[in-house]
Amino acid sequence: MKLILRYGYIFFFVTILFVIVSLIYKILSTDFEFSILSDKSGHINTGFEIKQYLAPEFKNNITKLFPYNSYIDSADIFNIKNVLKDLDSMDKFTQDSSLNRDLFTSLLTEKLENKIENSLILYNPDSLIYLLQWADGFYHFQKVDSKNERFYRRVNRFWFNLISNKLGQFAETDPSIKYNVKFKYMVELCRARMFYPPIGNSNSEKVLNYFLEGKYSYLFQRLWYGTNIFFKLIILFGIGLCFYSLHCVYKVNFK
Amino acid sequence: MKIIRVFSLLCLIFSSFNVKLSSQQCYSQDLVEISGVTFKQEKYYVITMLREGERIKAKYFAAQDFNGNNVYNRYLEWKKYNPNVVLLSSGTYMDDRGNPQGLTIDNGTIVNQTLIYNKMDALVVVYASGGIAVSNLKDGDLRININGTNRVLDIIKSSNDLDDFIEWATSQRATVFQTHLLVYKNQLKIDSYTSNKDERERRFLAVGKNEDGKIVHSIVHCPQYSTLYEGSKKVLDFLTTAKHLDITFMINLDTGAQDVFELYNSNCSPNSSIKGQLDSRKAVNLLTYYFK
Chain A
1 MKLILRYGYI FFFVTILFVI VSLIYKILST DFEFSILSDK SGHINTGFEI
51 KQYLAPEFKN NITKLFPYNS YIDSADIFNI KNVLKDLDSM DKFTQDSSLN
101 RDLFTSLLTE KLENKIENSL ILYNPDSLIY LLQWADGFYH FQKVDSKNER
151 FYRRVNRFWF NLISNKLGQF AETDPSIKYN VKFKYMVELC RARMFYPPIG
201 NSNSEKVLNY FLEGKYSYLF QRLWYGTNIF FKLIILFGIG LCFYSLHCVY
251 KVNFK
Chain B
1001 MKIIRVFSLL CLIFSSFNVK LSSQQCYSQD LVEISGVTFK QEKYYVITML
1051 REGERIKAKY FAAQDFNGNN VYNRYLEWKK YNPNVVLLSS GTYMDDRGNP
1101 QGLTIDNGTI VNQTLIYNKM DALVVVYASG GIAVSNLKDG DLRININGTN
1151 RVLDIIKSSN DLDDFIEWAT SQRATVFQTH LLVYKNQLKI DSYTSNKDER
1201 ERRFLAVGKN EDGKIVHSIV HCPQYSTLYE GSKKVLDFLT TAKHLDITFM
1251 INLDTGAQDV FELYNSNCSP NSSIKGQLDS RKAVNLLTYY FK
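Protein chains in written order, with this note's numbering: chain A, 1 to 255; chain B, 1001 to 1292.
Don't take each hint at face value.
Said to hold, decoys possible - One side only, chain B facing chain A, incomplete, derived with CB under 7 Å:
1. Q1113
2. I1116
3. Y1117
4. S1195
5. E1199
6. R1200
Unchecked claim - Simulated crosslink set (EDC-like; lysine to aspartate or glutamate; CA at most 20 Å straight-line):
7. B/K1157 - A/D88
8. B/K1138 - A/E110
9. A/K206 - B/E1199
10. A/K111 - B/D1237
11. A/K215 - A/E205
12. A/K51 - A/E110
13. A/K111 - B/D1154
14. B/K1157 - A/D102
15. B/K1157 - A/E113
16. A/K206 - B/D1154
17. B/K1197 - A/D88
18. B/K1185 - B/E1262
19. A/K206 - B/D1237
Claimed, not checked - Simulated restraints, written as ranges between beta carbons of each label pair:
20. B/S1129 - A/T63: 33 to 41 Å
21. B/G1148 - A/Q95: 23 to 31 Å
22. A/D91 - B/E1052: 54 to 62 Å
23. A/K115 - B/G1148: 36 to 44 Å
24. B/T1170 - A/D91: 22 to 30 Å
25. A/K143 - B/E1042: 50 to 58 Å
26. A/F220 - B/F1039: 23 to 31 Å
27. B/N1210 - A/L241: 53 to 61 Å
28. B/G1140 - A/D91: 48 to 56 Å
29. B/P1223 - A/N69: 53 to 61 Å
What the hints contain is simulated information worked out from the structure, not anything from laboratory work.
All C-beta atoms in this analysis are idealised placements derived from N, C-alpha and C, irrespective of residue type, glycine included.
Let the sequences and hints guide you as you build the complete structure.
What follows is the structure, given as structure tokens:
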């Protein structure tokens, strides 16, 4: 009997120790690295001139013949001022500003995505932040340049939508990145522009939230109807063990 | 003696109030049928609403407004002018902060611009006329009329189409939300592998045509716990076999942490055959059907 009491005592402290170590591990494994790259737009001079591509024979079929890939590879597309300068050259060339804006929208959305899609497969926060900051520039431009408002809005909407979806996918694959500072930064930037990434809570987070919100009856109902018999037995065993440990501690120290 | 007088006065007031209640008519019983049906050893509660004459209408509250009025207060304010409510139910899912998931526009106001690409294939448009239309996003054939021109949009694949759709919805003061598409044109659209495995009560909204070719909106509540896939499969079988419904679409109504549901009889009294687990005041979005 004494042996059982002693083991119960030890078990109680091992359980507490396990919880503390788990929490410490969780805290230590969270990435608190927060060195957001500065906005580099305006600092690169690629020497690219769009005029060299604007041959007279392109004029009537510019959407098909425009060298999309060469432009993405060579021009400084992450500098919005450069993009606007090229758009201006295009306007002088084709005399059709609506067509040019549609062409540049396609260029800076789907075509650019196709070009960089491989770099978006894995979670790379620095690349995503760079893209997000660039796309956010279009949000600000649309407020002051009403002539190109639709163009800015479309590019901004495309990238925020894409990145918002990507954040949801990354969080689903690895729920722990939700607590990373860079990830949180991107989520908040998206939310500020009314793009809510589809990020839900894991089952354990839900249990904790319901517990903190005092939804005890809902929790009990979910446990009772939504789990199988083995899960219920494990929970029952855990609760029983906790009470038994407390009983042992009480018996050893206070009786 | 005084006590008896007061008591009889109270009785008189109470009975006259009761008479008033029972004589009140919220909706026509010819258009709304509430029933409990057992089919293949399973219980289903069904609310069948006929859209004939467009007297039964739908209204969706997607989020709190910019003045900070929460969804329930917005509903109460709206109810002052539309008192004949048939039912109210929680609608689509919310994220970890209580914001609606997927593209959401509430009466022309953008709530959430994120169009979820691969999980929620139903784009629901609730019109001011009270009708509901659903487009299967995977088909890429969302039909709208922009400035008198009929257009077919693929809002997942084309950023221009998505932009045009959002601008159209805001200009038309439309209400839009995204949810799981479970059945489309009588075909099951979810699979058992990728769908949520959690077991819980299930509630669905199915829209289709009955045997007489009339448009019917049905809310089906399954109290028996099941996964989303199992529940959808059973209800598809139930509606097509037992109710002979030609289903245009069936979507999921959230019965998770924001499970809100209230049902009213034709005399405006609450019907307790289906009840949400949460108080309606805690709703983060609400789908309402009413009679006008």
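Numbers of the earlier hints that this structure fails to satisfy, in rising order
The structure conflicts with hints 4, 7, 10, 12, 16, 17, 18, 19, 28, although it agrees with all the remaining ones.
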